[in-house]
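In this note's numbering, the protein residues as written are 7 to 418.
Keep in mind that the hints were calculated from the coordinates and are not lab data. Among the clues, some could well be false.
Think about it this way: if two alpha-carbon atoms lie no more than 20 Å apart in a straight line, the pair counts; the simulated SDA-like pairs of lysine to any residue are [said to hold, decoys possible]: (1) K63 with E134; (2) K63 with V76; (3) K351 with M277; (4) K63 with D113; (5) K351 with T300; (6) K63 with R121; (7) K347 with V388; (8) K351 with E328; (9) K351 with E382; (10) K347 with D389; (11) K347 with T237; (12) K351 with A390; (13) K347 with A397; (14) K351 with D389; (15) K347 with G362; (16) K71 with D85; (17) K63 with L106; (18) K351 with R262; (19) K351 with D341; (20) K71 with D126; (21) K71 with S83; (22) K347 with R387; (23) K351 with D401; (24) K63 with D176; (25) K63 with A74; (26) K351 with R387; (27) K347 with P380; (28) K351 with E323; (29) K347 with I384; (30) K351 with M385; (31) K347 with E336; (32) K347 with L379.
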Amino acid sequence: MSELFGRTELEGGPTILTEAIPGLRSASLGVWVRAGSITERPEEMGVSHLLEHMVFKGTAQRSAKEIALVLERRGGSLDAYTTREHTSYQARVLDGDVDLALDVLADLVLAPELRQTDLDLEREVVLEEIATVEDTPDDLVFDLHGALLWGEHPYGFSILGTRETVEALDAARLRAVHQRQYRRSNLVIAAAGHVEHDAFVARVAESFRAGPDGAVRIGHARPPTGNGARTERVQRDTAQAHLVFGRRTFGHSDPRRYALILLSTALGGGMSSRLFQRVREELGLAYAVYSFHTFYRDGGMVGVYAGTRPDGADRTEAVICEELTRIAREGLPADELDDVKGQVKGQLVLSLESSGTRLHRLAGTELYGEPLLPVEEIMRRVDAVTTAEIAALADEYLTPEGQTVLRLGPDV
7 MSELFGRTEL EGGPTILTEA IPGLRSASLG VWVRAGSITE RPEEMGVSHL LEHMVFKGTA
67 QRSAKEIALV LERRGGSLDA YTTREHTSYQ ARVLDGDVDL ALDVLADLVL APELRQTDLD
127 LEREVVLEEI ATVEDTPDDL VFDLHGALLW GEHPYGFSIL GTRETVEALD AARLRAVHQR
187 QYRRSNLVIA AAGHVEHDAF VARVAESFRA GPDGAVRIGH ARPPTGNGAR TERVQRDTAQ
247 AHLVFGRRTF GHSDPRRYAL ILLSTALGGG MSSRLFQRVR EELGLAYAVY SFHTFYRDGG
307 MVGVYAGTRP DGADRTEAVI CEELTRIARE GLPADELDDV KGQVKGQLVL SLESSGTRLH
367 RLAGTELYGE PLLPVEEIMR RVDAVTTAEI AALADEYLTP EGQTVLRLGP DV
């Protein structure tokens, strides 16, 4: 590993990673908890996300207002998000404020008050967030599609939860989940920017020494395999019909990941992609049409989204199926694959000019149990993908008959 990178695993946790980026006067740092919707029971769906909200309502040392002010008044920022597999708390600050940011993050993660009075108020905020998704069909369609694709597996859970599950959660349940999941062994702490590894490790060890030890994690079932293809139409009084195609794939560690990223990019990853050129430029059927891919630890998915006027929905769905059939049968010609490789490699290099992106890349290596690869090695692996590998993946994952399709809109 380069001298710019560091990794230390403290006894009992957490695991600490740093990347020094010469020339910066700032740092991005974050704490990842190995807990998300994947670790939830059906009756507590949304608890990880609600807990993420609640830690900002006050700690043993700081009020909610003080949490909001402590970094902002120095020009920094504080944020958090919940995913299916992780909950993350992050800060971006000037280099002189790294110690302060670590103290704030440790306070949030280890010492939230989790008062019932605060929960009664914050629950309403989360219910409004759920209502926002319900009023945003191009978000709602992905939640509905995920539930259809994954069935009862937690990969199909709503990260926000449902009205019923969120309304049923109380402070005692949040405290139990916090005690169960927010343990030092479940934490990954990373920083990228103007940081020195040994000093950062010493500060983390001090700030997080009060965290509980022990690995208390909830196991979960392996995700279903096979295509499980289904089609469902959901009636909504919307101005557009929203279409999502999707197919379950392999997880993050599968070496075919690079080839699937290239295939997805060629299909719908930009203005030059097949779907954009055909559906939007040639036929004018949609403003938004794109492909997407997601890799979890134990599974993944690849798919297509399009939003179109209701009277064009059948035509749009048919055209997408035509493009899926063509790429599944023919794969990609060598010249198109070369273009897509250049696109993906260029996007990678441009993204790494951000300390935030480097922070996520750094933490991801630990969260997914993978080595930190030099950018040159990633580009080599992208370049090594062959047309035969692309053709095999396209035939396995992009045939129309293998897709789970959900259409949301009026008169569907």
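Enumerated hints in conflict with the structure, sorted upward: When the structure is compared with the hints, numbers 8, 11, 15, 23 and 28 turn out to be violated.
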